[in-house]
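Undergrad: Given next are the chains, with one letter for each unit.
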Amino acid sequence: MAEDSDRDEVKRGPKGGRKHTPGRDHARKSQSHRRKKFQQKKAREREASRKSCREQWAVWDALSDAARKLRPDLTPDCPRPNDE
Amino acid sequence: MSSRPKLPPADDWPQAVGLYQSLLRHFYARNDTAKAAPLALRLLRALDRLDPKAKSLPGNEYRAVIAEVDGDYPSAVAYRVRELRMLDRLARSGQLPTVGLTWSDLADRLDLLAIAYQNAGQLDRAWAAIERSERLCTEHDLEFEGRAIKDSLARAIRRKEKLTPSARG
Chain A
1 MAEDSDRDEV
11 KRGPKGGRKH
21 TPGRDHARKS
31 QSHRRKKFQQ
41 KKAREREASR
51 KSCREQWAVW
61 DALSDAARKL
71 RPDLTPDCPR
81 PNDE
Chain B
1 MSSRPKLPPA
11 DDWPQAVGLY
21 QSLLRHFYAR
31 NDTAKAAPLA
41 LRLLRALDRL
51 DPKAKSLPGN
61 EYRAVIAEVD
71 GDYPSAVAYR
81 VRELRMLDRL
91 ARSGQLPTVG
101 LTWSDLADRL
111 DLLAIAYQNA
121 GQLDRAWAAI
131 ERSERLCTEH
141 DLEFEGRAIK
151 DSLARAIRRK
161 EKLTPSARG
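One line per chain: the protein sequences are A and B, in this order. Following my numbering, the residues of the first sequence are numbered contiguously, the last one being 84. Following my numbering, the residues of the second sequence are numbered contiguously, the last one being 169.
The hints are simulated quantities; they were obtained by calculation from the structure and are not laboratory data. Since the model is a prediction, treat every value here as computed from it, not as a measurement.
Simulated restraints, written as ranges between beta carbons of each label pair:
| id | chain 1 | residue 1 | chain 2 | residue 2 | range |
| --- | --- | --- | --- | --- | --- |
| 1 | A | A66 | B | P38 | 31 to 37 Å |
| 2 | B | D151 | A | A43 | 45 to 51 Å |
| 3 | A | W60 | B | D151 | 35 to 41 Å |
Not the full set, but computed from the structure, chain B residues with beta-carbon under 10 Å of chain A:
| id | residue |
| --- | --- |
| 4 | A16 |
| 5 | V17 |
| 6 | S56 |
| 7 | E61 |
Covered stretches of chain A (chain B as the covering partner; in silico rule of three or more C-beta atoms under 8 Å from a C-beta of chain B):
| id | segment |
| --- | --- |
| 8 | 58 to 65 |
| 9 | 68 to 77 |
Note that CB positions come from ideal geometry on N, CA and C, so glycine has one too.
Chain A with its partners taken away, still in its complex shape (with noise of 0.2 Å):
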């Protein structure tokens, strides 16, 4: 019924009426299918981020305690990754 509704809002008059807009009323891409790009996106960050983790500690482990004591900005922001 909103639907409905919605239609009937559609301007009238010298310039009225739906304009054209491509892909209306259409989803082009398939729901599995944007699924599988999310899934697929999240996995692309997940290993960033771990690679990222993974260099942090790496770098962390090279310094001295003398050096970790002048660099504590260095101190890795994520937990020491299991997979070590």
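Put chain B on the given structure of chain A with help from the hints.
TA: For chain B alone, kept in the frame of chain A given last:
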């Protein structure tokens, strides 16, 4: 009374680093002192907890920037000098790489010291710092990135020399 809730203090170094990066973005990249000031205050509170005696490199570096935001240029110079002394000690003993730094970082800090001296009105010391940075870059075959600072300093020194005789009468 402000309705905005108080932000929690930064508890660890990664949070302090994040605050510092936001501070740099607002203060230098966007020139927005109004937004930079509360960040500086939060960072200072975090530093008071994490490094109360300013014994680390970031402890001094961050405090120098906070002092700049505050307009306290003598303090900014003092913290930069402290940081540079630590770096010099490391460089003399060949331990710069052990703390993840290079000669380029040292030259960069000298450029920042020159800017701090210039802001504090100590042009002679600023000139000495920028010349040391240039020498360091030449010695280690690095690109000298403080050219614009050196030019600006040279102009400031020329202006000062022009003004001095008339000021003396």
